[in-house]
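Novice: These are the residues of each chain, in order.
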Amino acid sequence: MAKFEYTPAPESRSIVSIADSYGLFIDGKFSDTVDGRMFKTISPASEEVLAEVTDAGPADVDRAVTAARKAYEHTWAGLPPAHRSKYLFRIARLVQEKARELAVLESLDNGKPIRESRDVDIPLVAAHFFYYAGWADKLEYTGFGPAPKPLGVAGQVIPWNFPLLMLAWKIAPALACGNTVVLKPAETTPLTALAFAEICQQADLPPGVVNIVTGAGETGRALVEHPGIDKVAFTGSTEVGKQIARACARNGRRHTLELGGKAANIVFEDAAIDQAVEGIVNGIFFNQGHVCCAGSRLLVQESVERTVMESLRRRMGTLRLGDPLDKNTDVGAINSAAQLAKIRELADIGETEGASRWSPPCELPAKGFWFPPTIFTGVSQAHRIAREEIFGPVLSVLTFRTPAEAIEKANNTPYGLSAGVWTEKGSLILWMASRLRAGVVWANTFNRFDPASPFGGYKESGYGREGGRHGLEAYLDV
Amino acid sequence: MSVSAIAGSDLRDFLHGLPGVDRVGAEARAAMLASRSIKTTAKQWAIDMAISMIDLTTLEGQDTPGKVRALCAKAKQPDPADPTAPKVAAVCVYPDLAQVAATELKGSGIHVASVATSFPSGRASMEVKLADVKSAVAAGADEVDMVIDRGAFLAGNYDLVFSEIVEVKQACGPADQGGAHLKVILETGELLTYDNVRRASWLAMLAGADFIKTSTGKVSPAATLPVTMVMLEAVRDYREAHGRQVGVKPAGGIRTSKDAIRYLVLVNETAGEDWLDPAWFRLGASSLLNDLLMQRTKLATGRYSGPDYFTLD
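Chains D and L, in that order, give the protein sequences.
Using the numbering used here, count along the first sequence one by one with no gaps and you end on 481.
Using the numbering used here, count along the second sequence one by one with no gaps and you end on 332.
A portion of the hints provided could be inaccurate.
Unchecked claim - As a list, the in silico EDC-like pairs of lysine to aspartate or glutamate whose alpha-carbon atoms are at most 20 angstroms apart:
hint	chain 1	residue 1	chain 2	residue 2
1	L	Lys58	L	Glu292
2	D	Lys245	D	Glu221
3	D	Lys6	L	Glu292
4	D	Lys32	D	Glu8
5	L	Lys237	L	Glu209
6	D	Lys6	D	Glu366
7	D	Lys152	D	Glu476
8	D	Lys6	L	Asp293
9	D	Lys428	L	Asp214
10	D	Lys412	D	Glu463
11	L	Lys58	D	Glu8
12	D	Lys330	L	Asp278
13	D	Lys6	L	Asp67
14	D	Lys43	D	Asp333
15	D	Lys6	L	Asp296
16	D	Lys428	L	Asp32
Source of the hints: derived by calculation from the structure; they are not laboratory data.
Just chain D, same shape as in the assembly (with noise of 0.2 angstroms):
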């Protein structure tokens, strides 16, 4: 028994209160389904039943995308520019004041620890906000020429890794530039959503701005193949967002892409070597590795891998694996039984074809969806898990000899989201930055997000870029 053993500090649940039941969130209510069906949404930690929620048919979708026109054409894109940023600086507000409100509950229905959502994904919700609530009317400043002009509907689809951060990147720079939006969050992950509807309702957003469709794949299909629609962004899978490209291509109509990652972290024999083992852990383990930039493929230079590997062991032994409420708790629940089993599937298939799995002693909870956080040592880029996204706790170390051959390793990739850089000489970190393919490169750290800054890929990652001025672009008509 450890000397020290942290007593559970659980963050409590009585501060939110969930309905048993949840319609769809169109012109400003919520509604019962006109075509749909109910399905369950559950506590990945537990398996418990959360709520019930709809699964929006056809007619609901339409029904959506009519209203959200209907806001487009008679309120929203007509308003001044500054009550478009007094409403967004309003929701921001609300974030904040319902911070933990909303942290609970992405916990309980992502599975995500309570110290991410509560230190990473709301503030970053109330930031993304505030920042475009500022560029609301300044929009004749964008570089993109003297009036710039709003798209129209926007029909956005999100995945269930950040889900209520993703939605924020998709309705924050949507609203401000004057469009309308009809978004469906994952259908593992609805509750937040449908927090941020009440959101809208109390923040007096004007009814058909923002409209919330729950629902699986099909609901999704629906609202991006729907004629009424002006632009489609979507965050999730690079098979998905194949079809969607696909889909849109046929209809010229615009759509922006946030898909899968492979991201190489590597680190030099010149890194902070404890600092960058905390950005290695940060890079694969945060958020259970469900991250489309999750730094999975370690490249570590051949001089310093004992070095790290003995590092990186060790400071693996001490994440805490467990209930997601609890505050120190660093390592969460997959957020699916599927998911699980894609992860199950890919490591095993990174055991026969003969890399070396590792993880530290760790005890899953017997109930919930649970991976331990993995290493795989000896992987060469001939290997599956070398290749493709794994998006869970498990994390491919490569080894590199030059930084010319670290560049050939990191490129050697379908996908180019993003890129770690550990080294104390700066010139080395422009050198690889310029020479990386992938939408962020971070230096000396890992899994940096602030609204400010662009984030998308290169290749498979997806095309169109989310945050700062650039993420202005994919909402206006330029």
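For chain D, the structure is supplied; the task is to place chain L on it using the hints.
Specialist: Structure of chain L alone, referenced to chain D:
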């Protein structure tokens, strides 16, 4: 690597060959660990552990034998209302008062720590510094808290700093014949960078320090979480390389139970639980003790009592 092998021009190469410390990353990690939530039984354990790790300190020009005697009484029985409260690890005084403390603490198991080497600036000749150490040891100090020559360190004169530590260690007496334990104060508030803190930590350990200590308490900033974390990493790595365990003592500015518990979390998740022991981790403090006692009583009774219910010494 033996001490003699590292001394000389190799010392500089070695210290500058240590991995750097990234300021942003180190501070972020320390801040994350500071957000750990330690409640109920864990808090109870941590408060008692923290009390037993205190070097109860008075280092003022106005110190008198009476003041030191009072402090020693407090050290032996921190909470007269609750005899289950543990005693502290040591009482830390100036050399001229070490004898008073030694007399008062005889047989109590509480160590007598004395600052020496022209504390706090260390600006004196080596003869004076060594005489200071010898007088402290002769007066009954079994722990000596020396200061390094920060000027020499910042000027890159590592050999000088190294040899001073070696000489002071000798002046403490042979370890196997009850020589005093040597704590080396780096005065991290004057070293300014974490790279320097790491180098100074290694330098002190290579020269024979039994403990490395952050600060004199006379320079601001004194102990901080990230500085202590860098030092804990150093003792962890040093033990791995050399097989010898060295203790760590943050001192100055640690005033509340919350602060103290954060340091214990830092120890637990950086160097590991081997250091969660008064033999390997100390907190240099004075007012901290009463806050710990107040929190301890609150946990036991469910009520806060006012500061007048705890003795001021």
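Novice: Which hint numbers doesn't this structure obey?
Specialist: 4, 14
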